[in-house]
Amino acid sequence: MTSASPQPESSSSDSDLPWPSRVSWPPVRRALSFGLLALALLFLVRTAQSQESPYIVAYDHYLEEPGSLEVEYFSTFGTQRGGNDFHAFWAEFEYGATAWWTTELYLDGQTTFNDSTIFTGFRWENRFRLLQREHFINPVLYIEYEQTSGADKILKEVEGHDVEEDYSDPNALARYDHDHEIETKLLLSKTFKGWNIAQNTIATKNVSPGEPWEFGYAIGASRPLALKASAKRCSFCRENFIAGIEMYGGLGDRHSFGLHDTSHYLAPVIAWYLPSDWTLRLSPGFGLNDNSHRFLLRWGVSREFSGFGSAISRLFGGRS
Amino acid sequence: MTLRCSAIVLVLTLAMATAQTNSASKDNSIYGELSKAPAKAAARRNPLEADPEAVAAGGKLFARHCAECHGDTADGGKKGPSLRAAEVQQATPGSLFWLLTNGVVRRGMPVWSKLPEPQRWQLVSFIKSLTPASQSDPNVEKAPHP
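Listed in order, the protein sequences are those of chains A and B.
Per my numbering, the very first residue in the first sequence carries number 1; after that it's consecutive.
Per my numbering, the very first residue in the second sequence carries number 1; after that it's consecutive.
It cannot be assumed that every hint is accurate.
To be verified - Keeping only pairs whose Cα atoms sit at most 30 Å apart, straight-line, the calculated DSSO-like set for lysine-lysine is: (1) A/193 with B/40; (2) A/228 with B/78; (3) B/128 with B/78.
Treat the hints as calculated values from the structure; they're not laboratory data.
Produce the complete structure using the sequences and hints provided.
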């Protein structure tokens, strides 16, 4: 999963310092600054609600509405055999650049219990809708660049020979492994009679020399609990809930394609759309073999801000 | 390195945002998209035509998903054209349903097949219930806001 490139410790070793001095503050400060800027801009726009996918790992073929920004926060609690359990978290800023292109920035971090809390990197994701209209199967091309440390544990995708043991190193060691990866996915999805079926094929290349292409998959199925909307504004109407299930895992790499030494997960998902424009998601995930974390509990909260693009445009003197 | 990459990401995002175009609301040719519905799709009848709650439910869905672009009263907004225009009001329910389902992706209208089929028909019911622009009197209150 990671390309180990151990860095020499500085003369005053970080690991000698008590926590939280060991926390990697400069990247955290930069992430916070970016977050504060984004939050300030959000005051200029109004909220909206779109029917978001309930999936946390799999993707369907629906993109963000043009000009809208969705701000999301997700958490993953994971059990770890041979190490400390962890709580990984990430913020997502998902922007609909056009009706056929969505771009997204992720900022990742994690807390390993009895260890430390660190910022683990960023990802820049782009999704491109390939066909203008709806078809029997709808393809979307996904391209992501990620720059993360070996301590990243958000498990947003599982690929190659990612196994539970990879996540057992203490943060002080794992943070010095660096991943610079290009990740591509072909997202195929279909919605029929309220059911959405999504299938994602993943191919990832660590740009470090000598690293092979790695492969993975994610599949999902989901359906709203009610297909008709009620006439009244309500929080607990069945139409506000979408339930589903997703499964994801690795498929080895170019040299050893297949299921051996790979991990796989099965995770029910449920999303709740609140009339106040917030969306909540919850997903308990279960490892399907001995290479997988036994249990992953994920939850997330998101809110969409429409008109974000116009607000930025006005800020720079453009037309509103 | 991380700082540099973050700055690049921020600049690109701002550039894209600034490049947002808002021409759809001013361009009447967008209504021509309705005529592209295949005959079979255009001929479909609204199965919720007789549902007394369909218009109200559609109004709720409109406020949630459509008002940002088409305006709170469906008169047209920053990005979307008026839905009270004659071209829309004279279109068959099947054509409106087809357009909702497929969007006009290259012109900025997303596909709405993510909404279950009954909800798309509820939206069609609401759109067809709007007072057409040619008949609306500015001094008379427009169709109630959902």
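Now the hints, each set against the structure:
1. A/193 with B/40: holds (19 Å)
2. A/228 with B/78: holds (29 Å)
3. B/128 with B/78: Distance ~22 Å between residue 128 of chain B and residue 78 of chain B Cα, so the pair holds.
In this structure, none of the earlier numbered hints is contradicted; all agree with it.
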